[in-house]
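Given chain A, put chain B in place with the hints provided.
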Amino acid sequence: MFFHIVLERNMQLHPRYFGRNLRENLVSKLMKDVEGTCSGRHGFVVAVTGIEDIGKGLIRDGTGFVTFPVKYQCVVFRPFKGEILEAVVTMVNKMGFFAEAGPVQIFVSNHLIPDDMEFQSGDMPNYTTSDGSVKIQKDSEVRLKIIGLRVDATEIDARENESLFLVDARTIFHLCIDFIFCFIVDSSALVP
Amino acid sequence: MSKLEEEDASELKLGEDFLKAKCLMNSEVSILLEHRYEQIKQMSDESINQVPQVFEKCLQYVKRFSRFTNQDAVKQVREVLSRYQLAEFELAVLGNLCPETVEEAVTIVPTLKSKGRLDDEAIERLLNDLMMIKKFE
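One line per chain: the protein sequences are A and B, in this order. This note's numbering puts the first residue of the first sequence at 72, with every later residue one more than the last. This note's numbering puts the first residue of the second sequence at 1334, with every later residue one more than the last.
Isolated chain A (complex conformation) (with noise of 0.2 Å):
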């Protein structure tokens, strides 16, 4: 689900920023640091909205750099156990297929796709009921309830920032592991 939310981050400014348009800096600073970035308890970060309030700065020991409290508005798609949205199949084997919901990497165990579906492999592999009348395939859109999220920790290179770490989006929530299927919203692919 997409949320409309404000998040808190204490951003360090070099002292060359500093001047008339300090607040463009930082905000364009800002843009630059958050967006893209994914954590397990927010989510990921699509798109500064808005700057709520920027507080008062605090130079830093030792250094000339100044800390800038800033609130902002973002739109983060952040996913929850229990929640129905859709994805895109965009790989299927005799394990399971894998879908991508935005920037959410899903994987479907065959456990987990109705009983009534076989795996079909050749060029175009493919989970079919019985009668044919659906398939998955590469390409499909299907609709997934997600029963568990997992956010990967193994590859947090990450910036370190206070209460929160950020992570490089490719690398980040490899997480949603584990969807259960639910059922098919459009056998595409048909298109021509």
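No lab work stands behind these hints: they were computed from the structure. Please note: incorrect hints may appear among the correct ones.
Claimed, not checked - If you want the footprint, here are the derived chain A segments under chain B, 3+ residues with CB under 8 Å: (1) 150 to 159; (2) 169 to 178; (3) 198 to 204.
Using N, Cα and C, we set each Cβ at its ideal position, and we do this for glycine too.
Frame of chain A; chain B shown alone:
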């Protein structure tokens, strides 16, 4: 991560961080990101490469899974659904998935019934309202 254990969207347990957060429907996010994408493109040609992957993926996702594309229709969906005293999360899920039958709606959002707030009739009315917006979009 014991906190993750306690979360369950099917019971509307979203944790304290998201309890009061505003939920957005895919259609709304689509309008927002599309707008933002235009802005980024205008700023400079180089920065097209700078669009973070997460942004790109979300944009593709919401474009593909938006039920309503017309801005007025999207506004209307939120307006109409808010008449039914739904939680933010329920509202967004219904708006995203647009169920067609009462049974489907209750499967998708079990809390509709668990609290005994909405009877079949009310849900039926809600779905009809949604259908009308879709029809006249």
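These are the hints, each one checked on the structure:
| no. | hint | in the structure |
| --- | --- | --- |
| 1 | 150 to 159 | holds (count 8) |
| 2 | 169 to 178 | holds (count 4) |
| 3 | 198 to 204 | violated (count 0) |
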